[in-house]
Structure formats: C-alpha cells, structure tokens
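Single-letter residue listing:
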Amino acid sequence: MHAVEDLDVEIADGEFFSMLGPSGSGKTTVLRMLAGFERPTRGSILLGDHDATGLPPHRRDVNTVFQDYAIFPHMDVLTNVEYGLRVKRVDRRQRRRRAEEALAAVRLEGYGRRRPTQHSGGQRQRVALARALVNRPKVLLLDEPLGALDLKLRREMQLELKQIQRDVGITFVFVTHDQEEALSMSDRVAVFREGRVEQVATPVELYERPASSFVAGFVGTSNRIGGRAAQQLLGTAGEYAVRPERLRIVPAGASVAPGELTMPGKVREVVYLGPAAHAIVELNGGSTLTVSRPNTGGASEPPLEASDRLVAVALHRDSLIELSGGTEKTEEKP
Amino acid sequence: MLWLGVAYLAALGALFVTSLWAQNDFTGEIERVWTFDNFRQLWDFPVYRTIAFRTIGIAALVTAIDALLAFPIALYMAKVASPRVRRLMVIAVLMPLWASYLVKAYAWRGMFSEGGLIDWLGSPFGLHSPGYGLAATTITLAYLWLPYMILPIFAGLERVPDSLFEASGDLGAGSFTTIRRVVLPMAFPAVVAGSIFTFSLSLGDYIAVTIVGGAGQLIGTVVYANVGSANNLPFAAAFATVPVVVMLIYLAAVRRTGALENL
Numbered sequence: 001m002h003a004v005e006d007l008d009v010e011i012a013d014g015e016f017f018s019m020l021g022p023s024g025s026g027k028t029t030v031l032r033m034l035a036g037f038e039r040p041t042r043g044s045i046l047l048g049d050h051d052a053t054g055l056p057p058h059r060r061d062v063n064t065v066f067q068d069y070a071i072f073p074h075m076d077v078l079t080n081v082e083y084g085l086r087v088k089r090v091d092r093r094q095r096r097r098r099a100e101e102a103l104a105a106v107r108l109e110g111y112g113r114r115r116p117t118q119h120s121g122g123q124r125q126r127v128a129l130a131r132a133l134v135n136r137p138k139v140l141l142l143d144e145p146l147g148a149l150d151l152k153l154r155r156e157m158q159l160e161l162k163q164i165q166r167d168v169g170i171t172f173v174f175v176t177h178d179q180e181e182a183l184s185m186s187d188r189v190a191v192f193r194e195g196r197v198e199q200v201a202t203p204v205e206l207y208e209r210p211a212s213s214f215v216a217g218f219v220g221t222s223n224r225i226g227g228r229a230a231q232q233l234l235g236t237a238g239e240y241a242v243r244p245e246r247l248r249i250v251p252a253g254a255s256v257a258p259g260e261l262t263m264p265g266k267v268r269e270v271v272y273l274g275p276a277a278h279a280i281v282e283l284n285g286g287s288t289l290t291v292s293r294p295n296t297g298g299a300s301e302p303p304l305e306a307s308d309r310l311v312a313v314a315l316h317r318d319s320l321i322e323l324s325g326g327t328e329k330t331e332e333k334p
Numbered sequence: 001m002l003w004l005g006v007a008y009l010a011a012l013g014a015l016f017v018t019s020l021w022a023q024n025d026f027t028g029e030i031e032r033v034w035t036f037d038n039f040r041q042l043w044d045f046p047v048y049r050t051i052a053f054r055t056i057g058i059a060a061l062v063t064a065i066d067a068l069l070a071f072p073i074a075l076y077m078a079k080v081a082s083p084r085v086r087r088l089m090v091i092a093v094l095m096p097l098w099a100s101y102l103v104k105a106y107a108w109r110g111m112f113s114e115g116g117l118i119d120w121l122g123s124p125f126g127l128h129s130p131g132y133g134l135a136a137t138t139i140t141l142a143y144l145w146l147p148y149m150i151l152p153i154f155a156g157l158e159r160v161p162d163s164l165f166e167a168s169g170d171l172g173a174g175s176f177t178t179i180r181r182v183v184l185p186m187a188f189p190a191v192v193a194g195s196i197f198t199f200s201l202s203l204g205d206y207i208a209v210t211i212v213g214g215a216g217q218l219i220g221t222v223v224y225a226n227v228g229s230a231n232n233l234p235f236a237a238a239f240a241t242v243p244v245v246v247m248l249i250y251l252a253a254v255r256r257t258g259a260l261e262n263l
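In order, the protein sequences belong to chains A and B. The letter at position 142 of the first sequence is residue 142 when you use the working numbering, and the numbering goes up by one with no holes. The letter at position 156 of the second sequence is residue 156 when you use the working numbering, and the numbering goes up by one with no holes.
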C-alpha cells in the first residue's frame, strides 16, 4: 500500500495548480516529493527538462511555504528572508536589496528588524512567502498555508496570493482541503482521493462536469440521483448529480418550460444562509433534494417554509451531470 | 516545595554564618566572633587560590567536553533515530544513573590503573593511561555527568519542529549549514541548561578526585579534609562558599541567554 498510486500530472510553467482532497488523500505526500523530502518508490519527477527525482531538497530549484510557516524563531524577519541567499553566498548588498524587495512584494516593508514572534498568523504567513520567493524558484510549493488563519483573513490572503502569483509569474503548487479555496485561486485543480487523482481540470470544468460522484460530492454541494430514484424521477437509468442552485421550487402542478422536469415533494426544512436559502425537499419517492434559492429580495416569490403543502421541484435536463464513476457503493470492491 | 526552599536557604545561611566564625587554634573549638579571617586566609595563601581556579577550570573543561559529546548524540536521538532506537538510547543514557556513583568512579580507577584497560587498549598505539591525576579526574567527571548534558539537549531538540530543519534544506542549506545556522542556535539554551548541571556538579565533587585524582586537590577535597581530619569547620564553610558564589555568577550570566526559561 502506497501513500500515492500511479500519479501522472503535468503542470504548466506559470500555472496556479492546486491539489485538493480530504486529509490522508496523498496530496501532501505529492508536495513533499516535489520538494525532495520524500522519494517516490518508482517513477520520476521532472523539473523543466531536468530529472529532479534523486536531488536532495537543497539542490532543487523549488521552495516551500510550510503549513506551520517554519519561521526560524532565533532570527529577525529580514534574516529569515535572507536565509536562502545567505546559504547560497549571495553578497551582502544584493542579499539585502532582494530581501527588502521580497518583503515589499508581500506588503511587509519596514518589518525586517522585528522578531517573528511579534507577528500575527497572517504576517508570519507573509514572511514565509517572502522567504521562499526571494530565491526566485521555478516552482513554489504551498502546503495548506492558509489553514491556520481565520476565515476573513483567509479570504483576503486568497486574493493576495493569486495577485502575488500573477506578479511574480512563478508556478504555484498549492495543497488544500478547502474546495472553495481551490476553486477561487487555481488555474487547474487535481482532486485527490485515497492516493489517487480523480480528476484534473479547471475550476469551471470541475464544478460543471465532475468526473466522478466523489468529485461531485467533494467540490461544492450536489444532489445525487441514482439507481431506482433515477428510474423513477428521470425515467432513465444511470448516476446523476445536480447542483442545488439549478433546482427551483414551483407550485405543485405548475406548467414549466420545455426541457424541464418536475418532481413533486414537500419542503421539510429551510436553512437560511444569508446570500441564499437551502430548502430540503422530500420527494414523493422518499429521496431528498437540496434546493438553493438566491436571496434576491424579490417580494414576488412566496416565502420558503417547511410545511406539508405539496410543491414541485423543477429542473432542466441540461443541468443533470452524468457521472461516469458510478456510485460510492459500486466502487467499493471486496 | 516551600519547605524544601526554606530548608535549602537556611542551610546556605548557616553555611555563610559559620564561615564568618573563627576557630581557636589551640583547642580547635569554634569561637562565635565575627571575622573575615577565613576569607582572608583563602585569598592570602596561594595554594587555596590555585585550588579554587583549578576547580573552576576543571568544571569548565568537563562542561565543554560534555557539550561536545552530548550534542551529536542528542541530535541523533531527537531527529535521526527511529522511535525504537530512540527509546533504547534514552534507556542507555539513563542506565548509568541507576548505578552507584562510587562503583562508576572505582570502575574508572581500575581502567586508569597501571596495566589497566586504558593501558592495554592504548599500548598498540604507544599510548599510556594518564595515571591518577587531574586528567583522570576530568575524564571521570565528564563521564559521570554526561547524561545530565544529553537529556536537556535531547529534550530541547525534540521540541524543535522538523519543519524548521526541512525549511533550511529547502532554502538551499546542506546538513552542515543547517546544523550551524539552525540546529546549534536553537539547541543553545538547552546546552546552557545542561551546563548548569555539569558545571555545578563538577565544582562540588570530591569523591571522583579522591578516587582517581591522585595527589590532586580540588575545593571539594579541601572542604572535606577541613570538616573531617583538620576539623576547621569555619574555614571549610568559607571555602564551600566559593562554588556557591561562582554558581550564582554563572547563573546570572546564563539568565541573559534566556536558557533558564527552557528548564
């Protein structure tokens, strides 16, 4: 049993590439192999045209931003940032200039003489970023760098990271278990599951055309319609997923546009989320669907509330995502 | 805890008070009059000065030897060894502490003796045992206190996250540079903490030097002789104050490195 099996991914120069997956899915192992902390048992890692498989970390043109930032506590910020240049014997003046530049790039001008312990999580994260970027690596590896930050700061840093990546033009390989983070920042995302890559695609493709039921469930919320329920509701066999925002609640028996299906049911629960509300609808067949309704503030729409009144869920056939991977159950082999 | 402190401070106070008393040269009885004669005597007789500096020198040498030996061992235990090997090494380091101090000192006496183990091992290379004396004392003390240096450094290094070492390598440093620029500075407080043990234990020792020290005298042996055969308790107390004062100075210096927060 290996942590990662048969991985074949090509990452383009200058790309923001994310590896997304639940914990233990092997994404961090892949990152550590790219950094040189782990050796693959077989296969090779190419950096540009060079084989980097056997190179130790200090001889790879790759730098890492660690999950815990790994800022050297016995050095001030500037010395931390200069570290990579110092061990490569870059002369003092140039070292200082590049370190200041790197600090400016992460908006930490004037913080050089402070001790890292005086900094907040967000600032330490920037120091770690500057310390890696100052070496101008071919690839920057980021191991869940935003995981320790609170939500608001995390959103800000997501935008900023993307901005910095565009400015410096370095390939970023970003590990995260947060699907929203992966979707909002990346050019392409690889979804990991149990040491295998389920799908490599752009965020749009990943969301609109998930390749497997795992991806459909892990990336965004989705309703799954399969097996008997598919026969019953859609009139066809197969496995389908449909996003909650593609569903509408209409009065029972209402006429719908051509190409739309209706499924009768009752609203069992309403979850208010601010920008939208989720209604859990129990269909007559017994299965449930989550329907999302945007909070547009329109008075014309009837209020959403749980009741025994019969309603219908309308959905357009084009919104159905056919899943090739089959259900979770059928994938579990003895 | 409080009582422990009170008892300790009271004993120290009694020691200091005793050192300010005099002894009747004729009857050998203690006269409770206040005088600095004992301290003056310490300073005026070159032999006592020599013994004091010799003791401090040996304690410093023992500390340096232990730090040099302990660092690589502790580093290996904390960051390289597998959990199983690490457990075995911790036991191996602790095991000598379970054996009697006297037994270990006598074991070294046997090894240093003429025709002993050291002579036997060294003879093919033309080396001889240093014999009983200060060199033997230093080696024996360094052996005795080595665990007290290894354990704090091991504990200190174990607390350093692996990611710091990985970060150093990732940024382009080879292992040697990583040790010099990251591991050593991070281990320094722990080394200082260990040195407090090795230094103070060496300053106060009188058994090892009695067993392997030959004619060599250290503060401990002089104090012991004055408490026992010479029966000059006030003078013994005065000389015993010297290591206490040295330790206080050392601790004050160490405090500045921040190592005391690491204990």
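The hints are simulated quantities; they were obtained by calculation from the structure and are not laboratory data. A few of these clues could be false.
Unchecked claim - Label pairs and their in silico Cβ distance ranges:
#: 1; chain 1: A; residue 1: Gln118; chain 2: B; residue 2: Arg256; range: 34 to 42 Å
#: 2; chain 1: B; residue 1: Gly228; chain 2: A; residue 2: Asp76; range: 54 to 62 Å
#: 3; chain 1: A; residue 1: Gly110; chain 2: B; residue 2: Met1; range: 41 to 49 Å
#: 4; chain 1: A; residue 1: Ala277; chain 2: B; residue 2: Pro83; range: 32 to 40 Å
#: 5; chain 1: B; residue 1: Val244; chain 2: A; residue 2: Gln118; range: 36 to 44 Å
#: 6; chain 1: A; residue 1: Gln118; chain 2: B; residue 2: Arg159; range: 15 to 23 Å
#: 7; chain 1: B; residue 1: Ala99; chain 2: A; residue 2: Val9; range: 17 to 25 Å
#: 8; chain 1: B; residue 1: Glu158; chain 2: A; residue 2: Gln118; range: 22 to 30 Å
Note that CB positions come from ideal geometry on N, CA and C, so glycine has one too.
Range hint 15 to 23 Å (beta carbons of A:Gln118 and B:Arg159) holds or violated | holds (21 Å)
Hint says 22 to 30 Å; check whether the CB-CB distance for B:Glu158 and A:Gln118 agrees. Because 26 Å falls inside the window, the suggested range holds.
Range hint 34 to 42 Å: satisfied by the CB atoms of A:Gln118 and B:Arg256?
violated (20 Å)
inquiry  = Against the range 54 to 62 Å, how does the distance between the Cβ atoms of B:Gly228 and A:Asp76 compare: consistent or not?
reply    = holds (56 Å)
Quick check: does the Cβ-Cβ distance between B:Ala99 and A:Val9 fall within 17 to 25 Å?
At roughly 58 Å between Cβ atoms, A:Val9 and B:Ala99 fall outside 17 to 25 Å, so the hint is violated.
> Are B:Val244 and A:Gln118 spaced within 36 to 44 Å by their CB atoms?
Replying inline: The hinted range 36 to 44 Å holds for B:Val244 and A:Gln118, with Cβ atoms some 38 Å apart.
* Mind checking the hinted window 32 to 40 Å against the Cβ distance between A:Ala277 and B:Pro83? => Because 52 Å falls outside the window, the suggested range is violated.
TODO: Could you check the hint for me, namely that A:Gly110 and B:Met1 are 41 to 49 Å apart, CB to CB?
DONE: Given range 41 to 49 Å: holds, Cβ gap about 47 Å.
Consistency with the previously given hints fails for numbers 1, 4 and 7, ordered from lowest to highest.
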